[in-house]
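Going down the list, the protein sequences come from chains A and B. Going by the working numbering, the first sequence opens with residue 1, and the numbers climb by one from there. Going by the working numbering, the second sequence opens with residue 1, and the numbers climb by one from there.
Do not take every clue at face value.
To give an idea of the interface, some chain A residues facing chain B are shown, with a C-beta separation under 8 Å as derived from the structure [unchecked claim]:
# : residue
1 : V192
2 : T206
3 : V211
4 : W294
5 : M296
In case anyone wonders, no lab produced these hints; they're calculated from the structure. Every residue gets a Cβ at the ideal spot worked out from N, C-alpha and C, and that includes glycine.
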Amino acid sequence: MQHAESVSPPPDFSATKKKVVTIRQRLRPVYPFLVIMLIWQIAAMQAKGNLGQLFPTLDAIAYRAWELITGPLMTALKENPSLGFFDYLYYLYQSPLLWHTFHTAWRLPFSFVLGAIFGVIIGVIMGRFSFWESFFVPLIAVLLPIPALAWVPIAVIWFGLGSQTVIIVTTFATFLPIVMAVWTGVKTVNPVWIRAAQSMNANKMTIFRTVVVPGSLPMILSGFRIGLARAWRAGVGAEAFAGIKWGLSAGIFDAQEFLDIAFMMVALAVLGIFGYLLEKIFFQPIESRTVIKWGMMEAMGGQERKV
Amino acid sequence: MVAKIQIRNLRKVYDTPERRVHALENVNLDIQDGEFLCLVGLSGCGKTTLLNMLAGFVEITAGDILMDGKTLTEDYDKGVVFQEYALFPWRTARRNVEYGLEIRNVAPEERKRIALEHLRLVRLEEFADFYPHNLSGGMRQRVAVARALAFDPQVLLMDEPFGALDAQTREELQELTVDVWQKTKKTVVYVTHNLSEAVYLGNRIVVFIPRPGRIREVITVNIPRPRDPLSSAFIEIQREIDRLIRT
Ligand SMILES: Nc1ncnc2c1ncn2[C@@H]1O[C@H](COP(=O)(O)OP(=O)(O)OP(=O)(O)O)[C@@H](O)[C@H]1O
Ligand SMILES: [Mg+2]
Chain A
1 MQHAESVSPP PDFSATKKKV VTIRQRLRPV YPFLVIMLIW QIAAMQAKGN
51 LGQLFPTLDA IAYRAWELIT GPLMTALKEN PSLGFFDYLY YLYQSPLLWH
101 TFHTAWRLPF SFVLGAIFGV IIGVIMGRFS FWESFFVPLI AVLLPIPALA
151 WVPIAVIWFG LGSQTVIIVT TFATFLPIVM AVWTGVKTVN PVWIRAAQSM
201 NANKMTIFRT VVVPGSLPMI LSGFRIGLAR AWRAGVGAEA FAGIKWGLSA
251 GIFDAQEFLD IAFMMVALAV LGIFGYLLEK IFFQPIESRT VIKWGMMEAM
301 GGQERKV
Chain B
1 MVAKIQIRNL RKVYDTPERR VHALENVNLD IQDGEFLCLV GLSGCGKTTL
51 LNMLAGFVEI TAGDILMDGK TLTEDYDKGV VFQEYALFPW RTARRNVEYG
101 LEIRNVAPEE RKRIALEHLR LVRLEEFADF YPHNLSGGMR QRVAVARALA
151 FDPQVLLMDE PFGALDAQTR EELQELTVDV WQKTKKTVVY VTHNLSEAVY
201 LGNRIVVFIP RPGRIREVIT VNIPRPRDPL SSAFIEIQRE IDRLIRT
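Looking at chain A on its own, in the form it has when it is part of the complex (with noise of 0.2 Å):
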């Protein structure tokens, strides 16, 4: 009796968590697509003329999605039909869509690992030192409500049209939420992990290396999740506003000159598919290798498992 808890073999916690996921659950989160894209189709159908080309059928898109793809390929095939494999990399890359791509591919990322930096550290020396604490709490309580999208016709102004005011504003907005949230966390690790460290006689610089960073890891990630989703929209917005002719949203904005909504309407599949895919690649696989595992925080988009 006394032992009770020692004798019986671990429960053994996996198999709850390995639980089969049949395909048809799996499917789950696209049937809300595809009752959404046949409603399109059908409405799309029954535009004529003018309407009709506003308000393009799903083949009509899907069409000018591989034209925009395989555009400058089919020019070049025609005029020499004996390409090589490195030819037809190069052709491809030439796509206006998948440079439109590319181009916010890699200037979010670079801005929000910009920003990530910068706001880690502040947040760290802002948890440790009361006086850049009083510092910069102010500030950033008063910057932080404003949309950084407010800041792109100053920022055009006093960067000039092109990347690097882009950059700028989409870094800026990242910037903001991860310090408040590495700031917060830091401050706010549990106590009592501190005092049994201490009690352990580990030194200030191991209690920060082994219990501040993890402790605060919760805070941190929903942190750099905020940061992304606010670089995501600023980034996008500035692009538009900041003269540039290359990026998803740039691309957008022209497309509305020349009533391209099929142009469009690809441009925003591919902004919705990015951040899915930065959410299921970058956060998700972090999260469940650590503060999830660790019984810190419950698992994010939960609902997938429990619709």
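Place chain B with the ligands on chain A using the hints.
Frame of chain A, contents of chain B with the ligands only:
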């Protein structure tokens, strides 16, 4: 034989902007090497304060604490078990137990061996690779005891370590604590509200009274172990302490 810990004319005054709290006054106590000492008393009589001074967490206002005849330094080796769950959630049970050894630069292989040995001591060897959130409250406190002992500290300081647990788990852990103490022969200072727990565990019981916090009496418990909480000798001592606390 000179006592392991000598406490001489100890006083503690907390000076906060709002008020001045006279937490401890004129505390004199000798703690013998290898003894199990319990501190009991009503809430606010300074038990935690004394334990925190022994741990080096709280500054001494006046008086001395001597360890092996020398003034206590902040960084001597002490194991502390807290009332709150203080395990690191990002480390498995074994890696939690290894923490103090890491601080002391013990080699990884050696660390692992010592950690498993101490998990066996608290009967949790097969849970070595579990993260704390997958362990019950009682198991977490057992890992905390293993962690506090793994680096072979001079004393083990426990502040109501099982206060948050249900009665049955608590009894189980009391029995385990005696077992661990008998095997490791550590000097243990154990704070509790629970008189039955104090009589079950302690060689001696220090009874505190409040305002200002001071020692009312030190009672020696000579009941052979394992002790039966329903025996008349046991109940007699418990009643005696209960009377002392309220006067
Ligand atoms: N950091 C502090 N600052 C000011 N006063 C304090 C501080 N810590 C404790 N006190 C006061 O000192 C007195 C003794 O507190 P202590 O925590 O040592 O009592 P205790 O015997 O452990 O009580 P309990 O059984 O409730 O844990 C109390 O009046 C408390 O309010
Ligand atoms: Mg207390």
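Violated constraints from the hint list, given by number and in increasing order = Hint check: nothing fails, all pass.
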